[in-house]
Structures are given as C-alpha cells and as structure tokens.
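> This is what each chain is made of:
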Amino acid sequence: MEAPLNAAPAAADPSSRALLEGTAISKRFGGVQALADVSFSIRPGEIYGLIGPNGAGKTSLFNVLTGIYDADGGSFVFDGRPLAGLKPNDVAARGIARTFQNIRLFANLSALENVMIGRHVRTRAGVFGAMLRNASTRDEERAIEKRAFHLLDYVGVSRRANDLAKHLPYGDQRRLEIARALATDPKLLALDEPAAGMNATETASLSRLLRDIRKDGTTILLIEHDMKLVMSLCDRVLVLDYGKKIAEGPAADVQKDPAVIAAYLGGDVALNLKGA
Amino acid sequence: MTEKTLKSYMDTRSNPALAWIGLAIIGVALAALPLLLAGFVGTAWVRITNIAILFVFLALGLNIVVGFAGLLDLGYIAFYAVGAYVYALLASPHFNIHLPFWIILPIGAAVACLFGVLLGAPTLKLRGDYLAIVTLGFGEIVRIFLNNLSQPVNITNGPQGVTLIDPFRIGTLSFRDTETFAGLAFSGPIKYYYLLLLVLIVVIVINLRLQNSRIGRAWEAIREDEVAARAMGINTRNMKLLAFAMGASFGGIAGGMFSAMQGFISPESFILVESIMVLSMVVLGGMGNIWGVILGALLLSFAPEVLRYTVEPVQQALFGRMLVEPEVIRMLLFGFALVLMMLFRPAGLLPSATRKRELEAATNGARP
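Residue numbers (our numbering), protein chains in the order written: chain A, 1249 to 1524; chain B, 4 to 371.
Hints in this document: simulated from the structure, not taken from any laboratory. Among these hints, one or two may not hold up.
Capping the alpha-carbon separation at 30 angstroms, the derived lysine-lysine pairs in BS3-like fashion look like this [unchecked claim]:
| no. | chain 1 | residue 1 | chain 2 | residue 2 |
| --- | --- | --- | --- | --- |
| 1 | A | Lys-1435 | A | Lys-1476 |
| 2 | B | Lys-128 | A | Lys-1335 |
| 3 | B | Lys-128 | A | Lys-1414 |
| 4 | A | Lys-1435 | A | Lys-1414 |
| 5 | A | Lys-1394 | A | Lys-1463 |
| 6 | A | Lys-1492 | A | Lys-1476 |
So these bits of chain B aren't anywhere near chain A, every CB distance computed over 12 angstroms [unchecked claim]:
| no. | residue |
| --- | --- |
| 7 | Leu-102 |
| 8 | Val-114 |
| 9 | Ile-147 |
| 10 | Asp-228 |
| 11 | Thr-239 |
| 12 | Glu-328 |
Now the in silico label distances, taken between C-beta atoms and shown as ranges [unchecked claim]:
| no. | chain 1 | residue 1 | chain 2 | residue 2 | range |
| --- | --- | --- | --- | --- | --- |
| 13 | B | Trp-105 | A | Lys-1435 | 20 to 30 angstroms |
| 14 | A | Asn-1382 | B | Phe-305 | 55 to 65 angstroms |
| 15 | A | Arg-1407 | B | Tyr-197 | 46 to 56 angstroms |
| 16 | A | Ala-1391 | B | Thr-313 | 51 to 61 angstroms |
| 17 | A | Asp-1411 | B | Ala-340 | 30 to 40 angstroms |
| 18 | B | Leu-346 | A | Gly-1321 | 20 to 30 angstroms |
| 19 | A | Asp-1483 | B | Pro-125 | 40 to 50 angstroms |
| 20 | A | Asn-1382 | B | Asp-132 | 35 to 45 angstroms |
Keep in mind it's a predicted model, so treat the numbers as computed, not measured. Cβ atoms here follow ideal geometry from the backbone N, Cα and C, with glycine treated the same way.
When you get a sec, could you build the whole thing from the sequences and use the hints?
Below you can see the structure in the form of structure tokens.
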C-alpha cells in the first residue's frame, strides 16, 4: 500500500475510487491558520483516523467538511461529486453524518426521539401529510419508529429508549449520538472523539461497535486521542499539527514517523505507541 | 385532572367504553353550554366564550412558534390583525366588496402566512431575546401601518377602523340573526359558538398531529439544538419559516372570525399588550403542551370578565362604594398570578412532559 509520508498535497489519482477526497483545504480564524492546504483521501470501507495534538485543526476539518464552516480554500469531492458550498443539512443528505466532540444530543427528548429525528432527512412526510395523517404518512411513521428502535438496539441502548437523552450515562450518550447519525443512512460516519471520557471496558465495546458499523458497509472517519484505539482500529491515519498535514498512511507507518513523534511533544505518545 | 387521566378518557382504543362515555358527556356539555349561558347569565357571556375560543386559536398558533420550535415571538397579534383586516376589507361597505366568508378566510390565512414568512425570513439567524425584539417591532409596524394607511389612498380607514363588516352567511342563514329551532332561540353568538367549536376541534387535531410528526420532531430538534439539527439533515431555514407560517395562518383565521363576529375592527384591538396576553396564555398553561395552552387561554380570557362583573358588587358590599376600578384590579391580580405561577409552577399549569423534566432537572442540578 502506498504511504506518502510527509507528502505534498497528493495529486488526485483519477483511477482511485476515493469516497472522500479533500484537496488543499484551508481555513483561517483571524490570525490563526486552523487548516493549511490539507489534502487527504478516504477509501470506501475503511476506518480512517484523524489525529494530532490539541488545537491541530481536527475538529475544524470536521466542521469544514460538514458545512458548519465555509472553507477559505480547497475542495471536497464526496462520492464522485463536489461538496462545495453545501449547507450542513445538504451535506447530511449527501451521506455524511457526524457526532460532536461535546455531545450535542437533543437533551430533553427521549433516546428514541433523538434517533427518529435522524430519519428526517431520509423521509418525506410534509405538513399536509402530518395534518391528514394518511396511509403513507402512517406507514412512514411506523417505519421511522421501527428503524429507530433497531438502531438503538444496534448500538446497545435500546433498553433506555424512552429515557431522556440527558439522563443516559455518558457512554450511552456517545452511543446514542452514533445511532442518531446512523439513522441518516450515511455513507461516511464522522466521529469526533467518540471514546473521550470512556473507561477501558467502554472503549473496547465502542471499538467492537465501530468494527460492526464498518462491516455493515459504512466508512468511518474518526478523530480520537486514544492512540491504542486508533492504532488497533484505523486502516489509515492522517496526522495534523498546527493545521498542517504532517503524515498520512497506514497506522503502523505513521506511528514510526519522526515528524509525528515530534509533534506529540514530550514523547508520551511515542511510549503509548510502543505499548500498543 | 392530570393529563394522564384526561388522555385515558380520550383514548378510544385502550378503553373504548369509558372514552366514548367521556367524549359524549363532554360533547353534550359543550353543546348545551351556550344555551345555558344565554338562558341564565345572558348572551354577553356567550360572546365572552366566543372570544375566549378565539384566544385559544391564537394561543395554539403561537404555541407552534414558541412551544414547538422555540422561537420567541412577541408580535404574534400582528397576524391576527392581518387576518381581521383582510376579512374586514373584503366583506364590508368600505370597498363595497362582499365576498363570502369561506373564500375570505383562506385568503386571510394565506396573507397572514405570507406575513409570517416575511417576518421569519429576515430573523432566521436570530434566537431568544434578539428574536423577541425584532418580532415585537414587527407587531408594532403592522399596527402602525393599519393606523396610518388611510392616506393618501384610504385602505384601512386609519384609527376609525372598518365598520359594518358582514357576518358569516351560509345561503340565507346569517350568523347575525336569531333563529328559533325546536323552541330554542339561537342568537348570533350562539351560532358563532357552534362554528367556533367545530373549528376548534379541527385546530386541536391538527396541532396534536403536527406535534407527533416528522415536522413536529424537526421543530423540537431545532428548539433543543439548532447546530445538531442541521447536522442531522434538517433544513432549519425551511422548518423555521414553516413554524412562522403555520402559526401565522392560525392567527389569520382567528382574525377573520373576530372581524365577522364583532362587525367592527380598529387598530386598537391589536396592540402589544394583546401579543403579551397570548404569550402569557401559552406560558401560563404550559409551553409545548396543547391541553395546557388551551387551559391557559381559557383562564386568561375568562378571568378578567369574571372580575369585571364581580369587582364592583363586591366593593359595593364591602365598602359601600367603588374604591378601585375593575381594570386596575385586573392588571394587579394578573401580575400577582404570574408571579405566583413562576414561583410555584414555573413550567405552567399543565406542563409538557419535556418542559417539566427540563425544569425538574434544572432544580435538582442546582442542589449540591
């Protein structure tokens, strides 16, 4: 497998069938260059890690990708079509679903309702359907509820279906956010630190869940600080530091990269990596 | 009666016998109400009841915007005004146009809906207090326009208002005349009452269905977290506009009926205090809960009228003369009631399940 470490923006290879191709993405906040010419490509069916020290621009890249911020430069091609200028809801409709670093569930709605809202973008009923409640609307409602239950079961929080999202334990909230994202039928699931704040057992079971999701056909983009998880789970990894790409390639290669080790000042990550 | 028992009386599936008996009793009571009111306390009370039902419409319409979608609207009465003026101008000697009500009411709803979108579009990025200020301004703009659109072309007839507005007419049956049927006298207000009751049932059903639908969930998602809602693929722009448009349409229909019932309207009926009153009904009853909102609207509509008829005799009996005007007492008690509410039932009389849990969690969280 080609592993262009420290590579300049990879020239888009026309033969590669990347699911997501980011080319020279830039984003500036005032005097801070959050992202500088970041290029990467995610292949269908892989778990793609996005790592880097705090403030490296990982979440900024997520926000630019999902349309929450507009990029200052560069472009994304997703599933063969550009994502330029799309609003977050259009990006979700195209098939990219995300979770948030600081969990953003609909706190005062039940777990089930949270997931049902995720089905919004794949269902049709409008105001008149809702008011008349005709057969097709009723069928759709039933299908939404069934699918939502199924997804809650899939991520393992079905027994809390009727509890308020905010009353769920922390780990379950993370899982619920994943279920809500999966409800939009994404081709690419973008997870922002899903293991943050989890203990070792929870992380291990999250890791199993993510493998299942990949096995069931969803490509995963993962921001994560837990290096053990990243190295065991990710096929390839993109490393950012101060908004610049410093490495991209298979996890095993990236963790030996001197630039990556240097970026994680102090070397505790290097130790961690050896432990993994 | 708690919401649960109320629901068990209305749930025709799980408990059919009880539910149908309950519904039949409620139906008979509601049908007999205007006749009893007219017979025992006078037709004035039927009129008061009708206005109360109009305020239920308004409160339910505002509940879509404030309770479901979480968009604080302080200018809601403007849509009521728009509906009322559309009816008045298309069914009065003012322009000498006399269209039938079943044509004007949809036009009124559509025009109000358009105004809803006009208000919604520039305020899409605003939330909370900022939105409240803009909507407040919008309400005032509409009222001031109505007050001043008598020159250079006389459209609204300015502060004098529009008079001699046609009542509802179905064929030769006019809602202003009294008819006698089976020995009972059905005066104009009584007929309006039945019509309003019918529309009220439709409005309640629409509200309940909207709440438990894909659209209602999208509104709730926006209320809870707009960023997450967008990331989940909800077109927040369209959904917010839809909330404004739906709320405004309800207001427009209520306005048209108000026009027809009163026969006279002027900008004075659509002042800021009215907007605040409708918002108070929503908050007092329980934001987001349809039954709570109905209760709030009925309480706040009837309470001042009850006071109007009792304050004077009570003072006469106690002090031998009138010390405080009913109007003063009314505002005093209203303010007092709101303060008590906020202290003891901050989520409203019948809070929505969600809002109740929210506030409970907030109080529990505040304790160490």
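> So, for every hint listed, does it hold in this structure?
Results of checking the hints against the structure:
Distance hint between A/Lys-1435 and A/Lys-1476 is fulfilled; the C-alpha atoms sit about 25 angstroms from each other, no more than 30 angstroms. Between the alpha carbons of B/Lys-128 and A/Lys-1335 the distance comes to roughly 14 angstroms, so the proposed pair stays at or under 30 angstroms and holds. Proximity of B/Lys-128 to A/Lys-1414 is assessed by CA-CA distance (about 26 angstroms); at most 30 angstroms being required, the pair is judged to hold. Under the criterion of a C-alpha separation no larger than 30 angstroms, the hint pairing A/Lys-1435 with A/Lys-1414 is consistent with the structure, at around 28 angstroms.
For the hint linking A/Lys-1394 to A/Lys-1463, the alpha-carbon distance of about 22 angstroms falls within 30 angstroms, and the restraint holds. Taking the CA atoms of A/Lys-1492 and A/Lys-1476, the gap is near 23 angstroms; set against the 30 angstroms cutoff, the hint holds. With a least CB separation of 25 angstroms from chain A, B/Leu-102 remains clear of the 12 angstroms interface cut-off, as annotated. With 12 angstroms as the threshold on Cβ separation, the claim that B/Val-114 sits away from chain A holds: the shortest Cβ distance comes to roughly 18 angstroms.
Remark: the non-interface label on B/Ile-147 is consistent with the geometry, its nearest Cβ contact in chain A lying 32 angstroms away (cut-off 12 angstroms). At the 12 angstroms boundary, the C-beta of B/Asp-228 falls inside the reach of chain A, the nearest C-beta of that chain being 5 angstroms off. Residue-level check failed: B/Thr-239 sits 7 angstroms from the nearest beta carbon of chain A, not beyond 12 angstroms. Against chain A, the non-interface label of B/Glu-328 holds: every CB pair exceeds 12 angstroms, the least being about 43 angstroms.
Evaluation of the 20 to 30 angstroms hint for B/Trp-105 and A/Lys-1435 yields a failure: the beta carbon distance comes to about 50 angstroms. Range check, A/Asn-1382 to B/Phe-305: about 37 angstroms between beta-carbon atoms, so the 55 to 65 angstroms window is missed. Distance hint for A/Arg-1407 and B/Tyr-197: a CB-CB separation of about 49 angstroms, consistent with the stated range 46 to 56 angstroms. A hinted range of 51 to 61 angstroms holds for the C-beta pair A/Ala-1391 and B/Thr-313, which are about 56 angstroms apart.
Between A/Asp-1411 and B/Ala-340 the beta carbons are some 35 angstroms apart, a value that agrees with the proposed interval 30 to 40 angstroms. Distance hint for B/Leu-346 and A/Gly-1321: a CB-CB separation of about 56 angstroms, inconsistent with the stated range 20 to 30 angstroms. In this structure the hint that A/Asp-1483 and B/Pro-125 lie 40 to 50 angstroms apart at CB holds, the actual value being about 48 angstroms. In this structure, A/Asn-1382 and B/Asp-132 meet the distance hint of 35 to 45 angstroms, their C-beta atoms being roughly 40 angstroms apart.
The structure does not agree with the numbered hints 10, 11, 13, 14 and 18 stated previously, though it agrees with the rest.
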